[in-house]
Every structure is written in structure tokens, then in C-alpha cells.
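Colleague: Sequence:
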Amino acid sequence: MRKNIKKILAIGILISIVNSSIIPVFAADNIVSSNVSESTISFDNHKNNSNAAQNVTAKKVLKLDDAIEAVINNSDKLALKSKEIKMYEDKMDIQEKTNDLYESINQKVYDFPYDKLELEKKQTEQSKKFTKDQISSDITNKYNDMLLKEIDIDKYKKNLKLKNNELDYMKGKLALGMATPNNLKDTQIEIKTLKDEITAKENTLNNNRDFFKVLTDLDLKNTYALDYNNIDYTKFKIDGSIDEYIDDKIDKYLKYDIEILKLTKDYMKDLKDDGVKDIMKEEIPKMADKSSEIITNADGTSEFDTGSYALKLIEYQQKQQEYLYKLNAYGEYIYGKYDVQEAQVKINDTKKNLKNALKESYSTLLDLENKIDTLKEQVNSTNTKLRFAKAQVDMGLMLQNDHDKQVIESEELDTTVRKFVYTHNNLRDSIQKPWILSNQ
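Following my numbering, the numbering of the sequence shown begins with 1 at its first residue and continues without gaps.
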């Protein structure tokens with residue numbers, strides 16, 4: 001049974017960090033109809049994180065899809081899934097031979113063992129496909145997380161540059177008696193703090209890059225750079241019944257758990273119909289009485305018939321083994337019957353919990369899209385403010401440092417857009433493919 005259903009709820013946590021001041025630039029909506037509706041909105045990234053993006057030019061840009069493909073090609077887990085499929089194929093061949101043997105000695109053959117192996121093989125094939133989706137989701141998150149870290153470091157470096165400029169201004173003010181030594185000291189402390197934070201963030205990013213290389217065999221330190229245009233946003237809407245859409249996804253996710261459970265139920269019924277519990281009414285086999293094997297000869301002497309006793313002893317041992325086999329079979333039947341009931345409860349609970357989680361995620365996703373829609377009117381206002389600030393700098397009415405602070409704030413909003421979009425896409429993917437949230 002799959003676990004970690006509650007993880008789907010954690011995806012929405014990032015939403016709380018996004019405020020109402022996000023500055024996306026929207027293109028024309030493009031609606032695609034199926035049982036979901038999608039409309040694409042593009043974001044203007046040319047002014048975002050210019051320094052970080054400039055570092056890309058010295059390296060080969062690594063597209064997200066290429067990173068995902070590299071991990072899939074490098075995945076030991078996927079290779080093991082292929083071996084698991086082969087194992088089930090071999091076990092099915094063995095089971096066929098076993099069934100042939102039972103038929104040759106007129107023993108009843110149940111379809112359950114072979115059919116269960118066949119379903120387990122199909123389940124593993126499905127699990128292999130699910131694993132590819134999980135890899136795609138995991139690498140996407142790692143890729144985006146590193147990209148956000150790069151942007152964050154770039155922002156800190158820009159702030160450090162501005163703070164160094166402030167330090168120069170502060171020294172001039174101090175010379176004119178317009179600032180105190182404490183003001184200078186405070187600024188120097190802020191500069192040191194920024195430098196320490198940059199170092200810490202760069203160390204964390206390098207650790208992430210090292211692990212990414214282990215997964216992909218791609219070097220983000222020296223050879224490759226992340227793609228800063230990786231910010232596609234597609235609106236998502238379920239057409240028709242939300243319940244039916246989610247039920248369909250859950251049924252696909254749990255398809256073979258449900259089929260194996262049904263097969264096991266049928267097998268339990270067959271065993272019951274064949275009298276698996278009748279053993280409880282049978283007497284325990286008794287050993288032959290030796291005294292009954294004493295024969296009297298013509299001359300009146302007596303002797304023990306060892307041959308007859310040996311045959312009866314063999315017959316007793318056979319009955320004893322058959323009785324013990326039936327007793328054990330009934331015991332396994334009792335355990336199996338309970339396991340079926342437990343599995344049914346778990347599947348029912350999984351369906352209910354997962355459905356509720358997916359519906360909550362969908363509600364969160366729609367709310368997220370509504371918030372993005374309401375921000376369209378803020379775009380022109382923000383751009384106008386930046387143009388006005390630039391004009392003030394040109395006229396000598398605003399310091400370049402103050403203008404640069406506004407630019408950094410604007411870029412920070414662009415970064416927030418990325419976080420918002422990545423959260424939205426995680427929600428969308430988990431609704432479309434709930435299996436990406438479990439460890440198979």
C-alpha cells in the first residue's frame with residue numbers, strides 16, 4: 001500500500017510566504033479542452049536576476065528535461081525494477097511447472113498463485129512508469145530549488161554592493177559630522193553579516209550541485225548552468241465532475257492493489273467452498289495398535305507381523321502429514337481472510353484520505369490562480385514607478401543607490417513569482433499524478 005499521502009498537503013505550505021505584490025507579465029490565454037482546461041501565461045524574465053543569468057553564458061545551459069532524462073538513464077532504481085519484472089516472469093514459469101506437476105498426480109490446481117504473479121508483474125511494470133514520474137518530480141524540485149538559491153545569492157551580492165556604497169556614503173557623512181561612529185560600525189556589521197550569509201548559501205548550493213552530479217553525472221559547477229527561462233505557468237481547471245476526475249486518478253494509482261485484493265477474495269471463497277475448514281471436524285490420525293499385528297501360528301505360537309505393521313505405520317504417517325497440511329492450510333486461510341479484510345480497510349482509507357487531500361490541493365491551486373489573476377493590474381503600476389525612479393536619477397533627484405534598491409525589490413517580486421509558479425506546478429502535478437508523492 002502506498003504511503004505518504006499527507007505529503008500532498010505539504011506542497012501548499014510555500015503559498016503562505018507569497019504576498020499580494022507579485023508582478024507577472026501576462027500573454028494571451030490559450031485554452032486546451034479535454035477533461036481539464038489549460039491556459040498558458042508567460043512571464044517576462046529579461047530583467048530578472050541579470051547577474052545570475054549572465055553567469056550562464058560561460059557554460060552550457062542545462063534544460064530541465066535533459067536533467068530529468070539524465071537521472072532516468074542513471075537510475076539504479078529503474079534498473080532494479082526491470083530485474084524485478086524479469087523475476088516475476090521466471091516465477092510464473094516455475095508456477096506453470098508446479099501446476100503441471102499437481103495435475104499429473106491428480107491434485108487440484110488453483111489459478112490464484114499464477115494469476116497473482118501475473119498481476120504483481122503488471123504492477124511492477126506500472127510502478128516502473130510511476131518511478132519515472134517520481135524521478136521527474138524530484139529532479140524538477142531539486143533543479144528549481146538550486147535555481148532559486150542562485151537567484152537568492154545574486155540578490156545578497158547586489159545588496160552587499162549597495163551596502164558597501166552606503167558605507168562609503170557613511171564615511172563621507174562621518175567626516176562632515178552628519179553620522180556617528182556607531183552608524184559606521186552598524187553598517188560594517190551588516191556588511192559582514194551579508195558576507196557570512198553569502199558564504200553559507202554558496203556552501204549549501206555547492207552541496208546541492210555535488211549531489212545533483214551524483215544523480216545525473218552532470219557538473220553544474222564547471223560545465224553546465226541552469227536554465228533561467230524555466231518558468232512556464234499553465235492554468236489548470238478540471239472540466240466536469242471533480243469527484244469523477246479524482247476518482248479516476250486514484251483508481252489508476254491503486255489499480256493493481258485493488259485487482260490483487262479481488263483475486264485474493266475469490267481465492268478465499270474457493271478455499272471455503274472446497275471445505276478448507278472441514279479439518280476442524282476430523283479426528284486426529286492415530287497410530288496403529290501393535291497388539292493388533294500379533295498373529296497366531298498353526299502350532300499355537302505368536303509372532304509380530306512387522307510387514308503389516310510397517311505398511312500401517314506408513315499409512316499413519318501419510319494421514320498425519322495430510323492432516324497437518326490441512327490444519328496449516330486452514331490456519332493460513334484464517335490469516336489470509338483477516339489480511340484481506342485489513343487490506344480492504346486500508347484501500348478504503350487510502351481512497352478517502354487521498355481524495356480529500358487532492359480536492360484540498362485543487363481548491364488551493366484555484367485560489368492560487370485567482371490571486372495571480374488579480375495581480376495583472378499591478379504590472380503597469382510597478383513598471384511606471386521604476387521608469388519614474390530612473391528619470392529622477394537622471395535629473396539628480398534620486399541617488400543611484402536608492403534606485404538600485406527599487407530594482408532589487410522588483411527582482412525580488414519576480415523571484416516570488418517563480419516560487420509561486422513552482423508551488424502551483426507541484427500542486428497540479430500531484431493532482432494529475434498522485435503517485436509521485438509516494439516512495440515505491
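Any given hint might turn out to be false.
To be verified - Here are the simulated DSBU-like cross-link-like pairs (lysine-lysine), alpha carbons at most 35 Å apart as the crow flies:
| id | residue 1 | residue 2 |
| --- | --- | --- |
| 1 | K81 | K265 |
| 2 | K121 | K272 |
| 3 | K221 | K405 |
| 4 | K352 | K77 |
| 5 | K252 | K161 |
Said to hold, decoys possible - Label-pair ranges, simulated between beta-carbon atoms:
| id | residue 1 | residue 2 | range |
| --- | --- | --- | --- |
| 6 | K192 | D367 | 49 to 55 Å |
| 7 | G240 | I334 | 41 to 47 Å |
| 8 | N356 | T193 | 41 to 47 Å |
| 9 | D186 | A79 | 38 to 44 Å |
| 10 | Y309 | D90 | 42 to 48 Å |
| 11 | Q344 | T204 | 44 to 50 Å |
| 12 | K195 | N383 | 30 to 36 Å |
| 13 | D145 | K272 | 31 to 37 Å |
| 14 | K195 | S82 | 58 to 64 Å |
| 15 | D367 | A175 | 23 to 29 Å |
Keep in mind that the hints were calculated from the coordinates and are not lab data.
Think of the CB as a built atom: it goes at the ideal place given N, C-alpha and C, for glycine as much as any other residue.
Colleague: Each hint should be assessed against the structure and marked as holding or not.
Modeller: Outcome of the hint check:
no.	hint	verdict
1	K81 - K265	holds, 27 Å
2	K121 - K272	holds, 27 Å
3	K221 - K405	holds, 29 Å
4	K352 - K77	holds, 30 Å
5	K252 - K161	violated, 54 Å
6	K192 - D367: 49 to 55 Å	violated, 41 Å
7	G240 - I334: 41 to 47 Å	holds, 45 Å
8	N356 - T193: 41 to 47 Å	holds, 44 Å
9	D186 - A79: 38 to 44 Å	violated, 57 Å
10	Y309 - D90: 42 to 48 Å	holds, 46 Å
11	Q344 - T204: 44 to 50 Å	holds, 46 Å
12	K195 - N383: 30 to 36 Å	holds, 33 Å
13	D145 - K272: 31 to 37 Å	violated, 54 Å
14	K195 - S82: 58 to 64 Å	violated, 50 Å
15	D367 - A175: 23 to 29 Å	violated, 54 Å
Hint check: violations occur at hints 5, 6, 9, 13, 14 and 15; the rest are consistent with the structure.
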